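Asker: Going down the list, the protein sequences come from chains L and P.
Read in order, the letters of the first sequence are residues 336 to 495 in the working numbering.
Read in order, the letters of the second sequence are residues 224 to 652 in the working numbering.
Since the hints were derived computationally from the structure, they do not count as laboratory data.
A portion of the hints provided could be inaccurate.
Keeping only pairs whose Cα atoms sit at most 25 Å apart, straight-line, the calculated BS3-like set for lysine-lysine is [said to hold, decoys possible]:
no., chain 1, residue 1, chain 2, residue 2
1, L, K392, P, K359
2, L, K392, P, K246
3, P, K502, P, K407
4, P, K454, P, K407
5, P, K246, P, K256
6, L, K475, L, K364
Cβ pair distances, simulated, as ranges [claimed, not checked]:
no., chain 1, residue 1, chain 2, residue 2, range
7, P, R561, L, S461, 32 to 38 Å
8, P, P473, L, G389, 48 to 54 Å
9, P, Q553, L, Q416, 52 to 58 Å
10, P, R561, L, G389, 47 to 53 Å
11, L, P417, P, Y485, 50 to 56 Å
12, L, S461, P, L521, 38 to 44 Å
Quick caveat, the model's predicted, so the values are computed rather than measured.
All C-beta atoms, glycine included, are put in the ideal place defined by N, C-alpha and C.
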Amino acid sequence: MEPSIIIIGIGNEYRGDDAAGLAVVQALKTQDLPPVRLIEGISDGMSLLICWDGASKIILVDAVSSGAEVGTIYRFDALAQPIPVGLSFCSTHAFGVAEALTLAHTLRQLPSTLIVYAIEGKNYASGAALSPEVEHAVQKVVAQVAQEVREWTDPAVYAA
Amino acid sequence: MKTKKIHVDPLARVEGEGVLYVKIRDGKLEDIKFKIIEPPRFFEVLLRGRMYTEAPDITARICGICPVAYQMSAVHAMENACGVVVDGQLRALRRLLYCGEWIESHVLHIFMLHAPDFLGYPDVMHLAQDYPEHVKRALKLKKAGNAIMSFIGGREIHPINVRVGGFYRVPTKQEFGPLVENLKWARDAALETVPWTAQLPFPDFESEYEFVALRHPDEYPFNEGRLVSSKGLDIPVSEYEEHFVEEHVPYSSALHSIHKGYGAYLTGPMARYNLNYEKLSPLAREAARSAGLGPTCLNPFKSIIIRSIEVLYAFDEALRIIEQYEIPEQPAVEVHPRVAIGYACTEAPRGTLYHRFQIDDEGRILNAKIVPPTSQNQKSIENDLWHYAARSIDLPEEQFLQQCEQTIRNYDPCISCATHFLKLHIDRA
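Bound conformation, chain P alone (with noise of 0.2 Å):
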């Protein structure tokens, strides 16, 4: 009996690392393991003894790449547990922070990170040499994204103008101007993306997923809604506890995710388009059925096309969000704590990121749970690589292992929110 194992070390373009276990044995796909090795960083523990108005700012540590996902899942939670709500245009402004990080999250993964794979780059740098004005189009976009994101947050990175309640300083509408320009060249720009990201040459692989994302009345959710799913979830995100549940697995520091009842699932773009597609915005909407995709999108390699989709409908929700602007009377809600526990879910760009904290009556976190994007997609991760892998394995090692790798970057792991290092070994024999 022959058993082949292959290693990839380190995996590339990934955001952080992590380790891919494949074993083949007498030509078939034996077993298939995400391995993560990093250990993990125990925030949820060091949060312990902080103070409820501490918590974005320590949250936001876990990642560089999505800062404002920590922050709002963290303000939400806490103003959840005081009874607040931020409404008028304080709640918009959190939006428009996270129009910022959605951008410059999506348009670093989509051409830095993604695009190479499908055109058969092994980084952007190549890429850039058959496509400069593709590649220097994305790094202003890019800065469009950063720009919203210092503006309204402070600082590209780990913004220090948000706080439990709303901010520290709110623009005036006069501030905006210079912004408004450049947001509107960068929408035209990212119209442009969408077509180029649909002429990508895809493999031909669906699967059946449960997505799972936040769910609103009115808008393409960020910061509110009830946590829905495609098999029939409807829940208050306060219930998140009793249906979603985290396993040890014995190869891995960190934990796998499952709906209970049910198994792997996925959260991030594909499962909030194919679960708001009526609420991305008319613009957004026209680009996807020009890209050639209607509601439903069930090939993983397509989040690229989607990725796209949300950065165009980010740019036009911020435009919006911009024009319908007037200065707020305070930059804050009065917030008071109290003993509690408090919930959220916000759309983090790689999905759905649900915080809870317990605080006593002075607010001080008796304990906190944080479940990030990338933990909860494990499982579905390992899942297409079973499937797509499975049918690739007879290919040469190189290229059967580019296709496990992209499939991987379909998810756009952020693996230091996972505490993940990711490698790629297989075992052939």
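Chain L extracted, bound-state conformation (with noise of 0.2 Å):
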């Protein structure tokens, strides 16, 4: 059956600090983690919507330029309260994660949980590495969402 918990990491992988998201679900990959499925290489939002079709629980994991602090992590309940003003999702389409999340919701196609973690990015020039600082916010969301994903599956044997 497939699993109802789905894991999106967004961004191109080819500019620099856009590639946080991808990289979080990449790394996920060699967690031990209880049934999920792990989508990367979404960077558009009509794609978003397509694939987080008919899941319960969604997690994305993206790149912002709010201008905070590199490496920031933010984590919002996207259902419990609006994108935050000032925080940009970086999208090289027109159409990006703010976006995929407004039109959700006039769809009603919003699952019942859908957490947003977000990793302020410095650098997004085409061929560029991470920067330092995404690297080590990246290896922090990978354990924060192991960690959840687990609670929700068996809160009893996860719960820290």
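Got two chains here, each in a separate frame; can you build the complex from them with the hints?
Answerer: Laid out in structure tokens, this is it:
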């Protein structure tokens, strides 16, 4: 049976810190996790909506540009709160994460749980590697996401 | 003398970025330039020295929305160079893969990029508030197109299963089962989309175009055929460069393409439709008729209807191919490189995509030429803006800009392909 937890890493692997979300998902593949579906390589909002169709719990991981210190980690519940003003999801397309969330809300296609992790990036140049601060943040987010997913699956066993 | 300049920066709802410059003097349209300022990406150069087998995967990186088009033009050009024809079920699978790409590209354009213009919405999110069921259906249609692409191509973006000679792996007939059910639903849903696009409010505007597209004796064109035009051109693809030439324009880093002796021309769904209408499936032709379209359509705004007809045709054709599918003996035919020049045109969602490669005896690429459809349409876009915008310059600026943008979106420009960045600047005085 298809797991109904999906973790989606958003970004472009060739654009420096924009790969942060992908790096998180790639690292999650090596973790011991309950059944989840890991998706990476989504970089536009419409594909997001299509791929999360049917899931009940979703975690999105993406890079953002908000002016905060590089490597800052944001976590927010996209169903409980609007996206903070000034938190701009970097998108190389016209239709990014924020737009996808708005559209999903209008279409009533939001899952029952939608958590967004965002990592503050600084260098989005073509061909660049992740900034060291972002690399560090990626590792932290991997641990946090893994723990969260375990708690969803079996709170009795996994709650810290 | 009053000169007014208006800039729209950036232009929304196109793939990639670009600049449009409009100059109005004393209430008259004086100049329109479609400016491309993004630096060229030198794909034709970086292909040199690469093996012929690498061409499909390298050129696919030119564009994330139409990678199949690049792969198809590349493999056909290389096979042309090596004297190989891929026929039978492998040929059919290639058409099937292309159906997937037409679907997902056209559906995205119709609903997310173009329809908002006609209904006065700034974006699809606002359109979805009033038309939620239509947008939901569009997402499912796009998903069905993506499903074809990942099923045949191995991956939705930059398919990995395509190679010179065929594929790395071909499916069994049984494996198609789940896909078929989804496609049948999608074909019905696509049939409902046509009348919806047909009842959108259309400006009363027509133009004389030279339409250019492939034409094949038996089928609506994807990968094969002669290159024809509505002004009598009828040539093998190998003669493309004798008839079409690219010229530099001083204000743009992209080249403008013209038909020698004729000028601007138009490629894409409207061109395909006008030149190949009778090759559409009966279902698609009937949908066109019900939508009030005959074999000819000269209103560029109605390209949205034609895209919806092509989406319907693509689902119809996909189901036909799957129904007749038998697994081929080999996933690919043998190809041996030789000293040669190879040519191909295939019909990308946005129009004819030309590839030409020269290879040596080992199959190393010596030089390459790639002409994407959006480059070829640039002059027609400017012409349409001249004729259409000229009528609207007395409108309030916001409305005028909206109409210019909508005119550009008629062409569904893929500016990444044409290495273009679109913003709108209007000089008005």
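Asker: Against this structure, judge whether each hint is valid.
Answerer: Quick rundown of the hints versus the structure:
| no. | hint | verdict |
| --- | --- | --- |
| 1 | L:K392 to P:K359 | holds, 20 Å |
| 2 | L:K392 to P:K246 | violated, 52 Å |
| 3 | P:K502 to P:K407 | holds, 21 Å |
| 4 | P:K454 to P:K407 | violated, 38 Å |
| 5 | P:K246 to P:K256 | holds, 9 Å |
| 6 | L:K475 to L:K364 | holds, 15 Å |
| 7 | P:R561 to L:S461: 32 to 38 Å | holds, 36 Å |
| 8 | P:P473 to L:G389: 48 to 54 Å | holds, 53 Å |
| 9 | P:Q553 to L:Q416: 52 to 58 Å | holds, 56 Å |
| 10 | P:R561 to L:G389: 47 to 53 Å | holds, 50 Å |
| 11 | L:P417 to P:Y485: 50 to 56 Å | holds, 54 Å |
| 12 | L:S461 to P:L521: 38 to 44 Å | holds, 41 Å |
This entry does not satisfy hints 2 and 4, going by the numbered hints stated previously.
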